[in-house]
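Student: Using the sequences provided together with the hints, build the complete structure.
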Amino acid sequence: MSTSLLLLLIVVIGFIAYFSGRSRSLALAGGKLSNLHSLPGYHGSYVAIWAMLPAALVLGTWLIAAPIYIDSSTRAALPDTVQSQGAASLQLALGQVKSVAGGLLRLSGEEVAALESGAANLRSTLAAKGVALAGEGEPYMIAAAQHFNTMTVTNRWLMSAVVLLIAVVGGIYAIRNVAARFRARNQVERVILGSLIVASSIAILTTVGIVTSMLSEAGRFFTMVSPFEFFFGTVWDPRFAAAGSGGASGQFGLIPLLAGTLYIAFVAMLFAVPIGLFAAIYMAEYASPRLRSTAKPLLEVLAGIPTIVYGFFALVTVGPFLRDISAQLNGLVTGNYQNFIQAQSVVTAGIVMGIMLIPFVSSLSDDIITQVPRALRDGSLGLGATRSETVKKVILPAALPGIVGALLLTASRAVGETMIVVLAAGVAARMQINPFEPMTTVTVKIVNQLTGDLEFTSPQTLVAFALGITLFVITLGLNIYALYIVRKYREQYE
Amino acid sequence: MNIMSEAAVEKALDQKMNTVPFKMIGKDVSVYYGEKRALFDVNLNIRENTVTALIGPSGCGKSTFLRTLNRMNDTIENCRVTGKITLDEDDIYDPTIDVVELRARVGMVFQKPNPFPKSIYDNVAYGPRIHGLARTKADFDEVVETSLHKAGLWNEVKDRLHEPGTGLSGGQQQRLCIARAVAVSPEVILMDEPCSALDPIATAKVEELIHELRTNFTIVIVTHSMQQAARVSQRTAMFHLGNLVEENDTDKMFTNPDDQRTQDYIMGRFG
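Top to bottom, those sequences are chains A and B.
Using our numbering, read the first sequence as starting at 1 and increasing by one per residue.
Using our numbering, read the second sequence as starting at 1 and increasing by one per residue.
Hints in this document: simulated from the structure, not taken from any laboratory.
Only a predicted model underlies this, so the values are computations on that prediction, with no experimental measurement involved.
Note that CB positions come from ideal geometry on N, CA and C, so glycine has one too.
Heads up, some of the hints might be wrong.
Quick list of simulated restraints, FRET-style, between CB atoms [what the hints assert, rightly or not]:
hint, chain 1, residue 1, chain 2, residue 2, range
1, A, P297, B, I76, 45 to 53 Å
2, B, I76, A, G331, 19 to 27 Å
3, B, Q260, A, R183, 52 to 60 Å
4, A, S293, B, D199, 19 to 27 Å
5, B, E35, A, I197, 46 to 54 Å
6, B, W154, A, S201, 38 to 46 Å
Keeping only pairs whose Cα atoms sit at most 25 Å apart, straight-line, the calculated BS3-like set for lysine-lysine is [stated by the list, open to error]:
hint, chain 1, residue 1, chain 2, residue 2
7, B, K112, A, K488
8, A, K392, B, K252
9, B, K137, A, K393
Tutor: Next up, the structure:
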C-alpha cells in the first residue's frame with residue numbers, strides 16, 4: 001500500500017471518528033446540549049485527533065526509520081569480501097544492489113530464474129528493461145537484491161497494518177472516553193496549544209540551524225586563515241583557488257569591506273533619515289486624512305520595489321547622471337571637464353539605498369508618532385502651542401526612543417542590503433574616505449566569492465561564511481538593540 | 001459691622017451673581033461633526049470670576065460646547081462651528097484672531113491627567129516658554145513656583161521638581177496640569193471632567209483648588225457628578241441632546257429648577 005493511500009485512509013478514519021464521536025456525545029446529551037461539558041463538535045474533534053495524530057506520528061517515524069534499517073540489513077547480507085573493502089565501495093555496492101532490486105521487479109519469473117542460474121547476463125538483461133547498471137554486476141547482488149525486495153514489501157505491509165491498527169485503536173479508545181461530563185474541549189485545546197508550540201519552535205530551530213551551519217563552515221575557514229588576520233587584516237586579496245595550490249596565498253582582511261559597508265550605509269542613512277522623518281511628521285501631524293490615505297500607500301510602494309530594480313536604477317540612471325554632472329561642474333569651475341564622481345561610487349550606492357530606505361524610516365516613524373497619545377497633543381495645543389511647537393517639544397521627545405529604534409532597524413537593513421551595492425558600489429576593496437570613489441561591501445564580496453562553479457573546501461569560498469556570520473552578528477546586534485528600545489518605549493504608555 | 005459666616009458670604013455672593021459681568025458670550029452656537037449636528041443654537045454666557053458647571057447626560061454636547069470656547073474643536077477633522085462666541089468683546093471665530101493666542105487666554109484642563117513626559121518643572125514652564133512670558137532662569141523659577149502654589153502642589157513636589165511629571169500620582173498629575181494651565185496666566189480655564197479619573201481624596205483637593213482659583217480666573221467645568229456641580233459652581237447649565245435646557249444659579253438649579261428635564265436629570269430619572 002502506498003504512503004499516500006495510507007494517509008488518505010487515515011484521514012477517512014479521522015472523518016469517521018469525528019462523526020461517531022459527535023453522534024455519541026449527542027446521544028449522551030439526550031436532546032439537551034447543556035448536559036454536555038463540551039459541545040458535540042469538541043467530542044468529535046477529540047476522537048478524530050486520537051484516531052489520526054498517533055497514527056500519523058508513527059507513520060512519520062516509520063518512514064524515516066525503515067529505510068535505514070533495510071539498508072543496514074541488506075548491507076549485512078552482502079558477502080564478507082565486499083564487507084571488508086571499506087565504506088566507500090560498500091556504499092557503491094549497496095547502490096548497485098538497489099538498482100538491481102528495482103530492475104528485478106520489471107522482469108518476468110523465467111528471466112529472474114535465468115539470472116539466478118547464471119544463464120543470462122545481469123547487465124544486458126536489465127539494460128533491455130531500461131535499467132542501467134554502473135558496473136557488470138556480481139552474482140551475489142541478485143540474492144541481495146531479492147532480500148532487499150522482500151524486506152521492502154514486508155515493510156510496506158507491516159507499516160500499513162500497524163498504522164491502520166493504531167488509528168482504529170486510537171479512535172475506539174477515544175470513543176470509549178466520551179461521556180457527558182468529559183472535558184473534550186480542554187483536551188482539544190491542549191492539542192491546539194501543542195501545535196502552536198511546534199510551529200514556533202520550527203521557526204526558532206531553523207534559525208539555530210542556520211547559525212550553527214554558518215558557524216561550523218566559518219570554523220573551517222578559521223582553521224585555514226587565522227581569525228586575527230581576518231578580523232584585523234586591512235588587505236582584501238583572496239586570489240583564486242587553483243587546484244592543488246592549497247589556496248592559502250590570498251589575504252582575507254575584513255576591514256576594507258566593513259569600512260565600505262558602514263560608509264555606504266552611513267551615506268544612505270544620511271539621505272534617508274531626514275527625508276523619511278520629515279515625511280513621517282507631515283503624514284502623521286499635518287496631512288489631511290484624504291491626502292494621507294493616498295500618499296502613505298504610495299510611499300510604501302517604494303518599499304515593495306525589488307532591490308535589484310533599484311540596482312538598475314543606480315547603474316543606468318543615477319551613476320551616469322552623477323558622473324556627468326560632476327564633469328560639468330568641474331568644467332564650469334576649473335575648465336577641465338574631468339568627472340570627479342565615478343559612476344560606481346559610495347554616493348551612488350548611498351543615494352539609491354537611501355531612496356530604498358525612505359519608506360522604512362517614514363512608515364516606522366509614522367506608526368510611532370501616531371502612537372503618541374492624543375491627550376499629549378491636546379494638552380500642548382490647549383496651552384496655546386502651535387502645531388510645530390507641539391511636534392518639536394512634545395511629540396518628538398515623547399516618540400524619540402521609538403524613532404531611534406526604527407532608525408536602528410533601518411540601519412540593519414542598510415548594512416545587509418546586497419543587490420544595490422553589487423550594481424552601484426563597485427568591487428574594489430579599498431580603504432579611503434572619498435565618497436566619490438568606488439568602495440565595496442561585505443555583501444558584494446560574498447556574492448563575488450560564491451559566483452561560479454566552486455568547491456567548498458578552499459578558503460576562497462569558505463570566507464563567504466565567515467563574512468556572512470560577521471554580517472549576521474552586526475545586524476542581529478542592531479535588531480536586538482532596536483527591539484529593546486522600541487519595547488521600552490511601548491511600556492511608557494501602557 | 002456684623003461678621004458674616006463663610007456660608008453667608010457665599011450666599012451673598014451668589015445672590016449678586018446676576019449682576020456679575022459676562023466674560024464670554026455664546027450666541028446661537030451650533031457644532032457639526034461632518035453631517036451630524038452636535039449642538040443646536042446654544043445661547044450661553046459665562047460670567048467673570050465665576051465657576052460655571054455644565055451638566056447633562058453623556059453625549060449631550062456639554063464637552064463639545066466647552067471645546068468651542070477655546071477652539072479645541074479645530075483639531076478635530078470635519079468639525080464645523082457656527083454662531084458667535086466672544087471673549088471680552090472679541091469674536092473668537094473671527095479670521096483675524098490667532099487661535100494660538102486665544103488658547104493662551106482660554107486654558108484647558110483635560111479629563112485624563114496628561115502631563116508631558118518631561119520633568120515637573122518643564123511641564124509647568126512649557127507654556128511660559130513658548131509664549132515668552134519669562135526670560136531669565138529666575139523668572140521661570142518664580143512662575144513655576146507661583147503656579148505650583150496656586151495649584152496647591154508646591155509643598156508636595158518642591159524637592160523633586162526635576163523628576164518626571166508622569167511619576168506623580170493621578171491626583172497630583174491633574175493638579176500639575178492645572179498648574180501648567182495657570183502658568184500661562186489665562187483669563188478663563190476650561191475643565192473637561194477634571195476629576196473623573198481621580199479618587200475621592202484627590203477629587204476633594206481639586207475641588208478645593210477650583211474654589212480658590214475662582215478669585216483669579218473664570219472657570220467653566222464639565223462634570224458628570226451632580227454633587228460636584230453643586231459643590232464647586234455658582235452657575236449651572238444643563239444640556240440635553242445638543243440643546244441648552246436651562247442655565248441658572250446653582251442653588252436654584254438643584255432646589256427648584258425651571259425645567260422639568262433638569263428636575264428629572266438631577267433626581268436621576270434619566271442620564
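Student: Going straight from one Cα to the other, do K112/B and K488/A come out at no more than 25 Å?
Tutor: holds (23 Å)
Student: Does 46 to 54 Å hold as the CB distance between E35/B and I197/A, or does it fail?
Tutor: holds (51 Å)
Student: For the range 19 to 27 Å, tell me whether the beta carbons of I76/B and G331/A fit it or not.
Tutor: The hint (19 to 27 Å, Cβ to Cβ) is violated, given that I76/B and G331/A are roughly 57 Å apart.
Student: Regarding S293/A and D199/B, is the given constraint of 19 to 27 Å on their beta-carbon distance met?
Tutor: Cβ of S293/A to Cβ of D199/B: about 42 Å, so the range 19 to 27 Å is violated.
Student: For the pair supplied as a hint, K137/B and K393/A, is the alpha-carbon distance within the 25 Å limit?
Tutor: holds (19 Å)
Student: Given a hinted range of 45 to 53 Å, is it respected by the beta-carbon distance of P297/A and I76/B?
Tutor: violated (24 Å)
Student: For the pair supplied as a hint, K392/A and K252/B, confirm whether the alpha-carbon distance does not exceed 25 Å.
Tutor: Roughly 48 Å between the alpha carbons, so the hint for K392/A and K252/B is violated.
Student: Using the Cβ atoms, figure out if Q260/B sits within 52 to 60 Å of R183/A.
Tutor: holds (58 Å)
Student: Should the hint that W154/B and S201/A are 38 to 46 Å apart at their CB atoms be regarded as holding?
Tutor: violated (57 Å)
The structure fails hints 1, 2, 4, 6, 8 (numbered hints given earlier, in ascending order).
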